[in-house]
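Trainee: Take a look at the letters that make up each chain.
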Amino acid sequence: MNEILEILSENAKATPSEIAALLGRPEADVAREIRELEDAGVIRKYVTLINWEKLDQSFVFAVLELKVALQRKTGYDAVAERIARFSEVESVRLISGDHDLSITVKGKSMKDIAYFVAERIAPLEGVQSTCTHFILKSYKEHGVILIDKPKPTRLVVTP
Amino acid sequence: MKQSLKNLPAWNADAHLNKTVKAMPPSGIRKFFDLVSEMEGAISLGVGEPDFVTPWHVREACIYSLESGNTHYTSNKGMPELRESICDQVHKDLKLDYDPGEEILITTGVSEAVDLAFRATLNPGDEAVVPEPCYVAYTPDIILAGGVPRTVPTKLADEFRVQPEEIASAITDKTRAMLLSYPNNPTGAIMTRADLEDLADVVVENDLLVISDEVYAKLSYSGSHTSFAQLEGMKERTLILNGLSKSHAMTGWRIGYALGDPALVGAMTKVHQYTMLCAPTMAQVAALEAMEKGDEEMLHMRHEYDLRRRMFVSGLNRIGMNCFEPRGAFYAFPSVQGTGLSSEEFAERLLKEQKVAVVPGNVFGPSGEGFLRCSYATSREELIEALDRMETFLGGL
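Chains as they are written, first to last, in the numbering used here: chain A, 1 to 159; chain B, 1001 to 1397.
Note that these hints are calculated values from the structure, not bench results.
As the structure is a prediction and not an experimental result, all values here were calculated from the model.
There could be a bad hint or two in this list.
To be verified - Under the rule of at most 27 Å between Cα atoms (straight-line distance), these lysine-lysine pairs were calculated in the DSS-like manner: (1) A:LYS140 to B:LYS1293; (2) A:LYS13 to A:LYS106; (3) A:LYS106 to A:LYS45; (4) A:LYS106 to A:LYS151; (5) B:LYS1235 to A:LYS151; (6) B:LYS1355 to B:LYS1092; (7) A:LYS151 to A:LYS45; (8) A:LYS151 to B:LYS1293; (9) B:LYS1174 to B:LYS1092; (10) B:LYS1352 to A:LYS151; (11) B:LYS1270 to A:LYS151; (12) A:LYS140 to A:LYS151; (13) A:LYS54 to A:LYS67; (14) B:LYS1235 to B:LYS1092; (15) B:LYS1031 to B:LYS1174; (16) B:LYS1174 to A:LYS13.
Isolated chain A, as found in the complex (with noise of 0.2 Å):
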C-alpha cells in the first residue's frame, strides 16, 4: 500500500513535513505526490471523524435498504447517482443480498429522516421498496471505537 496515504488514512492533519520525516524521504517529493494523488481524484477530502453523539444538538442517522429495478444499459448506476446528489444522503453502496442499495442518511431528527425517504427517496423511480433502520447508537466508526474507556497504563520507566 501507498505509504503516504497509508499514513493520512490514519491521520488527515499529517502535514508533508511530518509524513517526510516517518518515511525518510524529502519533504517536497512527499507534497508533490500528495498533489498527484489530490489531481488524480485517489484523495477525495480530508475529513474529521467526530462523535456527535457527545454533543447536546446531535444528529439522528438510518441506515436504508433499497430494492431497486435494474435498467436497461445504466443497470443500478442511475439511480444511485441520483440518490447520490442528495446532500442529506451521506453514503451510497450497492450491495449484495436480499437488498440493492444500502444508504445512509443523516438528518436533524428521525422525523426529518423519515419525510425525506417518503418524500424523496421511496418515490424515485426505480426504486421499488424502501426499509429504513435508525442508528440508535455507534460504538466505532471508521474503524475508531467510540466507547470511552480509561487508557491502560504503563509504567513510566522500564529497563
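Starting from the known structure of chain A, arrange chain B on it as the hints suggest.
Mentor: Relative to chain A, chain B alone:
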C-alpha cells in the same frame, strides 16, 4: 509464655539476608522511576515496552480459554502445541530445526530464561562475558547463579557491535559463556551475519557457550535478524532466548522460551520445574494464538515503530543530538557528549526543566556513559512534542 521468650532482643532481618543479594546494588533505573513518577505532565521516553496493547484476538482467545475453565498446570516444558508452534516459526525465520519435545522450554518471560540459562550452566567462580551497555538483569543473574560477570564495552565507533578483540581480552581460563543481546537494549544496535561470524572463532577457540537473548529479533528494520545459532556449527553451542513481549506487545503476559541442545534445555527445565513449575497457562494459550495468528498485527506494529524510528532519529540529529542509526528494537541512543553534561545530569535536568524522561545510558553499563536511551515505543505526537522540548532544553544549555 516461657521466661526466655520475654525481653526478646530486637529482630534483625538484615542479619538474615543472603550476602550476595545484600551486596547487589538496586537497579539504577529505580531512582529515575521515582523522579518521573512525581512529575506531572512528563513525556516518558523511558519505557522499555510497546505502547500497543496486546492485539484483541489474543486477549479474546485467552478470555475464551478462561471461560472454558482452562486453568490447570501445563507440562513443565510448556503446552505441546505452543512448543510446536514456536519451533515451526523458528524453522521459518531462522531455518533451524528444534525438536519441540526436547529442545525448547517455555519460560515465564525471557527474564526467567536468562536466569535459568546462567543457573543451569555456570559453576561457582565460572565467568561469563557480557557486552555492555546491556539490559540490567544479565550481570545480577550471573552473580546470583554463582558466576562472575566480565563485562566488555561496546563503542559508538563500532555502532555498539561487540568486537572479537574485546571478547578475547576478557577471556580467562574460567570463562564458560558469552552473552549476546542483539538487537540491543539500550542501543538499538544490531549485528549482521558478518559481524557475528567475526565472533565465531573466539567462541570456538575458548569453547564458549553463547547465550543469545533475541527478544527484539522481530523488531529488525534492515533485513531480517540473524541468530548466532545460524552460523555454521554454532547451533549446538548456542542457547536462543526469545519471547513474545516485544514482538507481539505481550510484556505483562510473561511468556518466553529457550531453544538449544537437549542437555542444556533439559538442565534449565530441571530448575524451572522446581521453581516456576510451568509458565502461566492462560498466558501460554494467548501466546499460542499470537504465534498462530498474530503475524499481521505484529508486522503492523513493527511498521509503526519503523516510521517513528525514522522520524525520531532524524529529529534527534536535526536538533543537534548526535545519534547513530539504530536498526533494531525500539530505542535510540543519542550522545550527550557535546553538552558538557554527564548522562545523569542531562537526564535529570531534561526531566526537571522540560519534563521529558529518558534513561541515562550509564544505567546500562559504564560504556553507556555519555548517551541516553530514548524509547520510541510511544505515540508520534508525544515523540514530536518530546523533540520540541529537547530542542528548547539544548538551546538553554
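Trainee: Hint check: A:LYS140 vs B:LYS1293, CA-CA at most 27 Å. Holds or violated?
Mentor: At roughly 23 Å apart (the allowed maximum being 27 Å), B:LYS1293 and A:LYS140 satisfy the hint.
Trainee: Given the hinted pair A:LYS151 and B:LYS1293, is their Cα-Cα distance within 27 Å?
Mentor: The given pair, whose Cα atoms are some 25 Å apart, holds under the 27 Å limit.
Trainee: Is B:LYS1355 close enough to B:LYS1092, meaning Cα to Cα at most 27 Å?
Mentor: violated, 44 Å
Trainee: Given the proposed pairing of A:LYS140 with A:LYS151, does the C-alpha separation stay at or below 27 Å?
Mentor: Between A:LYS140 and A:LYS151 the Cα gap is close to 17 Å, so the pair holds against 27 Å.
Trainee: Under the criterion that the straight-line Cα-Cα distance not exceed 27 Å, is the pair B:LYS1352, A:LYS151 satisfied?
Mentor: holds, 26 Å
Trainee: Given the hint that A:LYS106 pairs with A:LYS151, does the C-alpha gap stay at or below 27 Å?
Mentor: violated, 31 Å
Trainee: Is A:LYS151 close enough to A:LYS45, meaning Cα to Cα at most 27 Å?
Mentor: Distance of about 30 Å is beyond 27 Å: violated.
Trainee: Is B:LYS1031 close enough to B:LYS1174, meaning Cα to Cα at most 27 Å?
Mentor: violated, 35 Å
Trainee: Keeping to a limit of 27 Å between CA atoms, is the pair of A:LYS54 and A:LYS67 held or broken?
Mentor: Judged against 27 Å, a Cα distance of about 34 Å means the pair is violated.
Trainee: Just to be careful, I want the Cα atoms of B:LYS1270 and A:LYS151 compared with a cutoff of 27 Å; is the pair within it?
Mentor: violated, 40 Å
Trainee: Is B:LYS1235 close enough to A:LYS151, meaning Cα to Cα at most 27 Å?
Mentor: Roughly 43 Å separates the two Cα atoms, so the pair is violated.
Trainee: Mind checking the alpha carbons of B:LYS1174 and B:LYS1092 for me, to see if they're no more than 27 Å apart?
Mentor: violated, 37 Å
In this structure, the earlier hints numbered 4, 5, 6, 7, 9, 11, 13, 15 and 16 are contradicted, and the remaining ones agree with it.
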